[in-house]
Structure formats: structure tokens, C-alpha cells
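Participant: Protein chains in written order, with the numbering used here: chain H, 1 to 504; chain L, 1 to 504.
Derived by calculation from the structure, the hints in this document are not laboratory data.
Take the hints with a grain of salt, since some may be wrong.
Stated by the list, open to error - Partial list, computed: chain H residues near chain L (C-beta under 7 Å):
1) Tyr23
2) Ser29
3) Ala42
4) Glu53
5) Arg57
6) Leu163
7) Gly224
8) Asp228
9) Ala230
10) Ala231
11) Ala282
Please read these numbers as outputs of a predicted model, since none were measured by experiment.
Glycine included, C-beta positions come from ideal geometry on N, C-alpha and C.
2 protein chains.
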Amino acid sequence: MTQPAASVSAFKQLQRSLWTRDYTMKILSFDGATVAPERGAAARGEALGALAEERHRLLTGSDAQDLVTALSAARDAGTLDEQTAFELNVFARDQREALAVPAEEEAAWTRLVCEADAVWHRVKPTGDWEAFAPYVDRIVATLKQRAARLNPAADPYDVMLDLYERGISQASVDAFFSEVRASVVPLVRAITERGEQPSLPFRAARGSHDAQMALSRDLMALLGLEMDGAALSETEHPFSEGFAAGDVRVATHIYEDDVLSNVYSVIHEAGHALYEQNVDPAYAYTCLEGGTSMGIHESQSRLMENMVGRSRAFMEPLLELLAKRFPEAYANVTADELYRAANIAQPSLVRLEADELTYPLHIMIRYEVEQALFAGEATAADVPALWQSLTRKYLGLEVPNNTVGCLQDTHWSGGDFGYFPTYALGSAYAAQFVAAMRTDGVAFDAACAAGNLAPINAWLRERIWRWGRAKDADELVRGACGTAFDPGFYCRYLTEKFSALYSL
Amino acid sequence: MTQPAASVSAFKQLQRSLWTRDYTMKILSFDGATVAPERGAAARGEALGALAEERHRLLTGSDAQDLVTALSAARDAGTLDEQTAFELNVFARDQREALAVPAEEEAAWTRLVCEADAVWHRVKPTGDWEAFAPYVDRIVATLKQRAARLNPAADPYDVMLDLYERGISQASVDAFFSEVRASVVPLVRAITERGEQPSLPFRAARGSHDAQMALSRDLMALLGLEMDGAALSETEHPFSEGFAAGDVRVATHIYEDDVLSNVYSVIHEAGHALYEQNVDPAYAYTCLEGGTSMGIHESQSRLMENMVGRSRAFMEPLLELLAKRFPEAYANVTADELYRAANIAQPSLVRLEADELTYPLHIMIRYEVEQALFAGEATAADVPALWQSLTRKYLGLEVPNNTVGCLQDTHWSGGDFGYFPTYALGSAYAAQFVAAMRTDGVAFDAACAAGNLAPINAWLRERIWRWGRAKDADELVRGACGTAFDPGFYCRYLTEKFSALYSL
């Protein structure tokens, strides 16, 4: 048996080799989404395929398996330092999951989602769900098979949920949505019945491309990103990515007739980027870099976008930046008007354009459709009708076509079933985190009003960001809040905020 | 012994693995030069180092050596197809050169040039050559040692020259420069003695960032780049890079008070990009992708920049684009005025700002300094005085400080000795290529005037571009022109053009 010291050293070296591949794959994908010309896709696909295969081989090879065995024994004997033990936990889980899928099955899966994605791109504008439906059925069948390999005893959709957010299941997500539904559906109904929305013409004011890019950088710095370790790019759909603690990226999309769209995209993505930028530097080049789960990641973006960025207190520094870059449009806008403009709640069909209040209802629709597909209660052919009925039920709207209905999201074409709930969970975590930091004495509103988030960020860095992947969501929430996840904070926050905004 | 078919298949697979590393290293470097934040350098360095090491191992490992042996035998037996034989030639040479330097020596070299580069960046603004000089001496000593390993029988500087441009030597470069000197020095002196330069105030007209970016894309398309396979980025010092035939990049720098600077940077870099974009698609993922030598690459950029872009005929379509994007500044400019503005010849101190006529004189200065260092006739301590005397001799100027003198270029800090001559050779190849295409019936001026370079590009694609690395410079020149390289075309071209421009 290898000596622990030699195993530890080999383990760190192996993680570095994996890191090199993860890093380069992220850069290639980022380049593909921001700069690369259309025809570059073939070469990028070739390189990404080769790197992914090397990654899989390194992660699952017999050397890597022997290392996990040797280090697990050392950990059980208590001779492993804390960080290496964290690394081992995460690495061993990654390895177990990668080993569960045979190489040829993984290759078939890659071809399937690649094809599905191309079909989805083609039919989304025409709304032709029938052409896409066979892929949905095949993807669900493949994922159920995969779930059975990963955990034969569990419900397949529970296995999917757990892949994106450790520890959750349909039981917990059902309970969560049931509580959210009870708060949000009546609120939305009340707002719709009032039928009044504020008139705020400055929302359509024009902002030049260059001025909006400058504003984006202002915002990133204001939120606390260290700008010598962060860059801004442009893309079709805003996203962010962390390559390393010293290199995080935000990609936005500029619409010259919608300045606030870019403002909130950038604040949202900067929240993700803050998380990645503040992972413990000691985790560099290990499997602990990056965020721990989709839900925790989304909690950081939603916290910045909504709890900070759409708070009444933050309107003061935000207005100052807007007035500096767009004096004609914003010089005479008041903070109250901006607050209303940033918080219009109104049922709509497209999730990506949904407001803070109606957003979780969009997630519930997708969650219930996914549940039905995995339970065998529906096939892809039933989805448009199901979508229609759930949209009527939660949003009170009719779906005129599949383009703005069940074809609107890219996730299913990429095989991402079980992912959507993390978007709603993220907002709920965020509300609980803010409540906890207030309890801990953080002057949240004062920090927002001053445009200096240092106290907020210090709390998040200590309790969330620095841990990278070392702790799972549940452990982070308990550590940060002193209690388990509780959706009550989120429901109370939404009820109070939107009751006041709409005088309900 | 392995069967040829199995060896060929393994050889293609090995090239693919090398290609993946080359491609990702290029993307990482491109990202570093265009988007990455400052602090991203550490992670990028880690990844680049790991990839370069893997590349070296793949290229020089015993498997790779055995393949070269097996395939060489197959080639000698006449059982190798033409393309694989090309690949073998290039691969075997790359392997031989990589094997000549032991791994630990290569690592020491990387550290040395890394340190030298940091020192150069620090002292360039202050002009402190003394702080940089020890690195120059160490780099020259290391390169002489490396040259001795590569070819113990040859003069070390000849070995360096050959690395950048196969087949050249001091004998041929001396002859080339002697002919250029005889034509250009008297021309420059005559222009300087006249002392008159045209007054063209539109040259300083302001062009907004966005309009200049749009103009850059107009120009790339006009020159014949397929824009679904080309992208434009921004950087500090303009450059271009080919990642694959379907993915070439141009990076420019926008100065809002100097539109023509960007125009000629983009045309120059588009010339490089056209070469990369038009390599035979059958060479994809092999060692034959990319350009064959620095000199041939530069011939394509200089051909587009000077022979096309600064020709009288091209002023018509260029003016049309300029007037479309900058109507206020360019609506009343004539094609003759633009031609004068694009062709002002005047001795200056900085190579990167030099005009077409005086440019080769800057190269001669560097070449003679490098020769003296490699011959042991000078050490780094002598370089400032040598630079001064050569600048006086060729350009008739005094060097006020080392910032605009011997510290101006980045090449030496990166260990690139023997590289400079390829810049001048490129212009001379370009002149010979244009003469040859005219002889072949290409209506060069008409194509430029029409803003439709298709006939020019068809000639270049067939004779230069498509061959990638399959043929060396000398073979390409002979194939394209029917004769060996002859600097007379270049000298006659410069003499005729600038005599007419300055009525000499």
C-alpha cells in the first residue's frame, strides 16, 4: 500500500491535471459563447470532446480509484488533514458518479443531447413541439436508466434532483413549493385583479452600447467584485463563469432600448461571480474550487439581484450611477420611481422575463411537468396541454404557442431535468441568508443605501463563498443560519414587499 | 514492426492529441491578450505550463519516436500517401528540434525568458538598458548552446535564422539587405532632403469606438475573409491567430483620434487571417495546419497591408467605407489625398510606427546587432552605442533614449533572436508574389479598385494558403513564381512607388 504522503501528493497532482482540463474546457466554452465565429464550433467540439474524454479517464482510471481507496483508509485512520479530507469527499463522489455511466453510454448520451439541442434551436421559433417531443422522451428514458445505475433503490426523479442540489427530493421540493404557492398565487391574483401598473416612461429610454458597458463595470465594482480579477464580455444570453479565484467573467447582453435589463443581468451575474471570486485561495487547482450546488450559486445571484439590487435602499446608489451615465433619461427620476420600475409584478409567459414575484410560479410549472414525465404519468406528447393547464392555474394566462410555452427553455434539450427547482430554491436560500445576517447584526439596508456592500459581503464570504465545494448546501445553510432550510423567510419577504408595493 | 495502416492511424491520433493542446493553448493565450483580467495570469500560466509539458511528452515520447521510424520506412518504401508524407516531414522535424533540448534545460529557459520579459516591461519606460543587459547576454549564450545541439556544424546565428525561416542564412540575408540598402537608403535620404510632407488634417479626425469596430468588420469582409469563420476582438497590440480553418481571429486596438492606424492594423492582420482560413481543410487536426514560416506569414499580411491596402487603386473602395462610417471627416477627402495620407515616408525611431519605405531599415539595425552579439563581436553592454550608430547610418536620426531605441521591441525579452529578418523578407516575398500574379494574368489593380479581391485571393489560395505547413518557404516561392526568391522585385516596387509619390 502506498504511503499516505505519497498518495496525498499523487492525489494533488491528479486534481491539478483534472483542473487543467476543467479550466481549459470552461475557457473554450466561454470563448464559444462570447467571441468565436460560428464555424469555429467544429474545432471547439473536437477539442472539448477530447478534453472531456481525458478528464473522464483521469477521474475514473485505476490509479484514481486506488488513490481514493488509500486516502479513504488514511482518513478513517485520522491521518488526513481537513482540506484533503474535503477534497477526497468531493472527488470520490465525482468519481462514483462518473463510474456509474459506461463510456459508450456517455458517448451516446452526448450525441443525443447534441442532436436534441440542434432540433430545439430549429423548432423553437416555429413552435413545432411534435418534432422535439421524441427527443424529450428519449432523454427522459436515458436519464431514468442512468438514475437506476446511480441509485437503484431511489425514485429516478429524486436522483436527478439530488444531482443538482444534494439532499433534496420530491418530498422536500413539494413541501417547499406548496408553501410558496400558498403565499404567491393569491398575491399575484390580487395584483392582477387591481389591474393597475405605474406609468414609468424612463424605462424605455435609450442607452448607448458603450455607456451601458461602462455602467456594467461600475455596477460590478460597486457590488464588491475585485476588478483586477473580473472581466466583462458580451453574449446572447447573460451568464457568468469562474475559471479560478483570480479570474471570473460576466457576460451580458446590451439592448439599447432597455437599460434596466442589462442592469439586472449584470447584478445577477456579478452575484455568481462574487461567489467564485471568494472561494478560499487554498482550494486553487483542486476539486474544491467553484460553487457547491446550483441552488447555492443561484442564492448568491438572486441575493444580489433582488434582495440588494431591487431593494428600496439600493435605489440611491443605483440612481446615482444611472444619472451619471444617462443624465438625460435619469436626472429627474426619483428613487421611489426607480424602485417601482425595478419591481413591477405582472404574470407573463416567459420565465426569463419574469419578475421576482411571479418567477417561482414559472419554476413550479416546469417542476410538475418533469415529475409527470419521470413518473410515467405523461409522455412528451402531453406536455403542451399540461403546460397550458398549469400556466392557467398559476399565472392565469393562456399560452398562445409553444415558442413562449414548453419550447421556451434550453434546459431539456441539454438533458437538464431536475435543474429548474434550484432557481426557486436559490431565492428562498437568499431570503433566509439575509434574515440571518440581520440577526447577526449586519446593517443590510444601510449597506445597500450607502452603496458599500462590505458588511454583507464579509458575512457571505465567511459563511458561504470561501467554502467552495467543501460543504454541501444543507451544511452551508445550517452553518450560516443556525437552522435548516426554511422557506418561510422567502414567503414572508415576498408577501411584505409586494403587499407594500401594490398597497394590498 | 507495426503495420503501416496501424502506424498511420496511430500517427493521426497522436497529431489530434497534439492539435488539442495547440488549439487550447492558442485559445488561452488569445483570451489572455483580449479578455482575461490581470489576476487571471496565474491560473492561465498553470494551465499553459501543464499543456506545454503534455505536448512535449506526446511529441517526444518513445511511442512518437517509434512512429516516426516506422512511417519513415513506409515512406522510403513508397507506401505512404502524399499528405501523410507531408505530415511526417513536419512532425519529424518538430520532434527532432524538441528532442534536442533536454526537459530541464527547457524549463530553465522558460524561467529565464519569463524573468527577462518582466524586467523588460519594467525598464522599457525608464530606458534602463543596464538592468536588462544581463538577460540579453544570458539569452544569447543559451541560444548559442541550443544552436550547437541542433546543428553543431553550423554557425549559431544561422541556426536561429533557419528556425524562423527554413533555408535562410546570414549569407542570403546579408545579400538581401545589401540590395535593399542600396535602393532604400538613397530614397529615404532624398525624401528627407526635400523636407516637404503633404498637409492632410483629416488624418487626425475623430472616429468613435463603435464606428471603428464596424469599419474593421467591413474591411475584413472586403478583403475576402469569410466572416462566419472569423472574429474581431480588441487588445493592446494588434495581432491575429488561426485556431482552425473555421476559426481565425483578428485583434485590433482602437485609437479614437487615429482611424487610419486601426485601418492598417486590421488590413495587416486580416492578411495573416486569410492565410490561416484558407489552409486545405484536409489538414484539419494535423501538424500541417497554420502557416509555414514567419516570413511567408508576414508576406501575406504585408501584401494586404501595403501592396493592396496602400495602393492607389484600393483608395476608391477604402474611401467609400471611410465616408460611410465617418461622413463628416471623409466626405470631402479625395482618393489622391487618401493615397498620400496612407503613404507618408519619413524616418522615425520606432519600428511599429514606421512606414512602408523606412521599415526594412529598422529591421537591418536589429539584424546587425543580433549578428554582432552571436558572433561575439559585441556584448549586451555595447548595444545602445551600436543602435545609435546604426540608426544614424540608416535613418539619419539620433536616438534620445533606449525607450525608443534598443528597448523598444519585445522580441529579445522573449528569446526571439533571428526572427526580425522575416519581417523584411515578408515584404520582399509579397512584391515578388504580386509580380508573379500579374504575369499570370491577374488584374491586380482592377481587383483593388473594384474592392473585389477574388482574383488575387484565388491565386494566393492555390499557390500559398492551401499548403499550410506542407511546403517550406523556398518551395512555395519557387512554385508560385517559377523562380527562387529575388529581392529585386521589392526594391523596384519601392523605388517606383516612392519616387512617384515624392516626385524624385
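Participant: Let me make sure I understand: some of the numbered hints might not hold for this structure. Which ones are they, in numerical order?
Facilitator: 2, 4, 5, 6, 7, 11
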